[in-house]
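The numbering used here runs 5 ahead of the 1-based position in the sequence shown.
A few of these clues could be false.
As the list claims (entries may be wrong) - Now the in silico label distances, taken between C-beta atoms and shown as ranges:
no., residue 1, residue 2, range
1, G262, G9, 40 to 46 Å
2, R20, P524, 54 to 60 Å
3, G331, P524, 41 to 47 Å
4, T125, T500, 52 to 58 Å
5, W266, T125, 20 to 26 Å
6, N75, G9, 34 to 40 Å
7, G331, E567, 25 to 31 Å
8, E222, P458, 40 to 46 Å
9, A251, G423, 52 to 58 Å
No lab work stands behind these hints, which were simulated from the structure alone. Yeah, the Cβ is synthetic: ideal placement off N, Cα and C, and Gly gets one too.
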Amino acid sequence: MTPGGLLRRALGRHRRRLAVGVLGLSTHQAAETMVPVAIGLIIDSAVVSGDFRALALSVAALGMLFLTLNVAYRTGVRSLFGALQEETHLLRVEVAGRVLDPRGTRGDTPAGELLSVATTDAERSAGVLDVVMLAVAGSTAMVLSAVVLLSIDVPLGLGVLIGVPVLVLLLQFAAPLLTRRSGEQQAAVGRLSALATDLIRGLHALRGLGAEHSAGERYRQLSTGALRSTLRAATPIGVYRGSTTAASGLLLAAVAGFAGWYAVEGRIGIGELITVVGLAQFIAEPVQLFGYCGQTLAVARASAARLTTVLQAPHRVDAGTGDLVGPPVLRLTEVDHGSLRHLDLRAEPGEFVGVVADDPRDAEALLEVFAGRLPVEAGTAAPDSGVWLGETPLHTLRLDELRRVLLVEHHHVDLFEGSLRSTVSSGRPMATEPEVASALRAAAADEVAAAHPEGLDHVVVDRGATLSGGQRQRLGLARALVTDPPILVLHDPTTAVDAVTEETIARNLFQLRHGPEVPQPRTTIVLTSSPTLLARAHRVVSIVDGRVRLVGTHAELTAADEQYRSGVLR
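Construct all of the structure, not just a fragment, from the sequences and the given hints.
Given below as structure tokens:
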């Protein structure tokens, strides 16, 4: 979808409200046009003649005219704002759906900039509805004004019919500049929003490092750049608005001036003079509407371009259509992805496998593979190479099936606002109280609940900001354990806890996932360098330079290999 296509789609899916809005606002503008006409007729037919009955009827008719324009305006504006709000909401939901799509995106747009796109750009893009309604209403007023002026004096009418389109056409030459400057401004604001989001998220770490000044200076530089972009966008907008106002004023003066001249010469009467002067004053409004529409359309185009960049970003992986066939055996054969080179790895049901990666890039690449984020073309040398789950290639599995069978819990824990109970059971809302309690105990997170009088009803704020790093980590682990997937992949789940708590977690984790009371064999893979967790593993895989270097138990590798021993013992 192109930016133009997105704007046209907005017009198409609000046809009914658009029609009502156009009808209401056009009726309002037509009634506004008829006000000076009515006043001129009252002057000629009632005031000059001194007919009080005609004057009373004329004033009543003028009152009905004002009632009509008021009702029409309220109807049109309500329809307009309803369409604007609905379109803005639909665009925001669409952006949110695209960002949260389990297939991911290949773009690297920061979260703060995505927020700017989903809020400001969605609202500005919906402004195309405003443009269409007001442009049609303004055109109605201009055409009707020209017809009235033609009926009074042909040269006056022709001057309006010819002058206004030429004026609007000249103003449109500024539209590309407005679009470009508006796009630059929104991009700068998006970058600033992304940085602000990162700074707020990492505020505690910045304070710990004493890096507040450096972070503040970086924010100040980006803020200054955003200000410059805003001023660069405001300058042509100001000139555009000023030119529109000046041009409408000149048109008003010209029409009124010629009307006065014609009245002196006797070509038009007093009532007609009043009508022409009233119309000349009114004409400034639709001309300024055209100027507003040009500016708003330019901004809408720039925002639509940013929206389509997000909405049309290619998916990181293609969604499969297959189901799991056979036991959930996870097998990696000759996998090349990121820093991984011809990696072979196998995890059977019932196994607790520890993975030690010397290079953090290897761990991140392996997590992407486990999470199903390995593009099909990331490819490999042998025909049977790749990532398999049971007898099914991983990339051919339906995403919901993949998420049911295999869960990857990343090192960074994101907690959502809600009670402790809802936080822990968010991955499996139907989990029973005993299941939640078992997961909390295994993750040593029952202490978090016990520390508050409300217990599991204690409210967790957004991102768990009121919890310590260790508490957030334990709640994230408990959430993963409640889900109880056949294959669970954990990445450094105990880095923020003390040694005693880590030993408790290692023991309880093994008991919960691999103890004698487990009804079905479960697979647990832990990417870590913690000797406490590795000692519980049935076997440990050591990865160096993207390849499997050693396989054995923790005790065997510690005794036999100095490089492994120096990497995990602390």
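Now for the hints, and whether the structure bears them out:
1. G262 to G9: 40 to 46 Å: holds, 42 Å
2. R20 to P524: 54 to 60 Å: With Cβ atoms ~57 Å apart, the hint holds.
3. G331 to P524: 41 to 47 Å: violated, 19 Å
4. T125 to T500: 52 to 58 Å: violated, 38 Å
5. W266 to T125: 20 to 26 Å: violated, 50 Å
6. N75 to G9: 34 to 40 Å: Once the Cβ atoms are compared, 36 Å apart, the range 34 to 40 Å for G9 and N75 holds.
7. G331 to E567: 25 to 31 Å: violated, 40 Å
8. E222 to P458: 40 to 46 Å: Holds, at about 44 Å.
9. A251 to G423: 52 to 58 Å: 57 Å Cβ-Cβ, so the 52 to 58 Å window holds.
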